[in-house]
Amino acid sequence: TQLLEQSPQFLSIQEGENLTVYCNSSSVFSSLQWYRQEPGEGPVLLVTVVTGGEVKKLKRLTFQFGDARKDSSLHITAAQTGDTGLYLCAGLGSNYKLTFGKGTLLTVNP
Amino acid sequence: DSGVTQTPKHLITATGQRVTLRCSPRSGDLSVYWYQQSLDQGLQFLIQYYNGEERAKGNILERFSAQQFPDLHSELNLSSLELGDSALYFCASSVEGTWNTEAFFGQGTRLTVV
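Line by line, the protein sequences give chains A and B. To convert, take the position in the first sequence, counting from 1, and add 2; that gives the numbering used here. To convert, take the position in the second sequence, counting from 1, and add 6; that gives the numbering used here.
These aren't lab readings, by the way, just hints derived from the structure by calculation. Here the structure is a predicted model, which is why all the values come from computation and not from measurement. A portion of the hints provided could be inaccurate.
[What the hints assert, rightly or not] Reference listing, derived: stretches of chain B covered by chain A, where coverage requires no fewer than 3 residues with Cβ under 8 Å from a Cβ of chain A:
no., region
1, 44-53
2, 75-84
3, 93-104
[Said to hold, decoys possible] Below, in silico cross-link-like pairs of lysine to aspartate or glutamate (EDC-like), each with a Cα-Cα straight-line distance of 20 Å or less:
no., chain 1, residue 1, chain 2, residue 2
4, A, 58, B, 108
5, A, 61, A, 19
6, A, 99, B, 59
7, A, 99, B, 35
8, A, 99, B, 7
9, B, 15, A, 43
10, B, 15, A, 40
Note that CB positions come from ideal geometry on N, CA and C, so glycine has one too.
Sequences and hints are given; from them, build the entire structure.
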């Protein structure tokens with residue numbers, strides 16, 4: 003079973019602060035996806051990273067895939083209240099199935 | 007709006023009962039995935055269908071079953087319900103049968119078993 007551990011589980015910050023959340027595994031994934039889920043909604047795909055060491059930027063969000071393709075991080079610069087939500091990472095494993103972490107619940111306070 | 011429609015949005019039922027959750031995928035999408043989301047387990051993959059055929063199975067209980075119909079909508083049947091089955095059930099759809107293409111999630115059905 004390929005498990006993904008996300009940390010921290012909860013994060014509460016003030017608007018304007020920077021933050022990083024992590025997604026770690028002992029398994030290698032062929033690709034890794036990040037989703038954001040808002041209350042009452044389904045997860046929405048933010049980005050897919052495929053190559054070890056890859057860095058992708060989406061406005062104030064920076065995603066990095068570890069060199070060994072076992073871990074990933076999401077960095078948000080100057081967080082806004084609209085960034086509030088549950089951030090999920092999901093890895094595509096050797097069994098071609100997508101395994102989700104339990105998520106980081108981010109609250110950005112005004 | 008992701009284009010994936012799930013009904014009903016909320017469902018309250020008693021233990022031992024049977025319910026059916028419905029999912030209409032985005033127009034043109036052939037693949038449907040079902041997920042269960044609970045606070046302690048996170049998002050757990052249940053089952054996937056592609057163009058009417060079962061493609062992959064995850065942690066789906068024997069009390070649960072699903073199918074995809076010729077018009078590509080899908081139904082998830084949950085029977086002999088237990089309190090622990092209370093969760094959010096999500097359907098996602100994608101054009102192809104693999105997770106290499108983007109999948110779009112519906113808004114989910116919140117099931118409460120009392």
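### Query
Where does the structure disagree with the numbered hints, that is, which hint numbers, in rising order?
2 and 8
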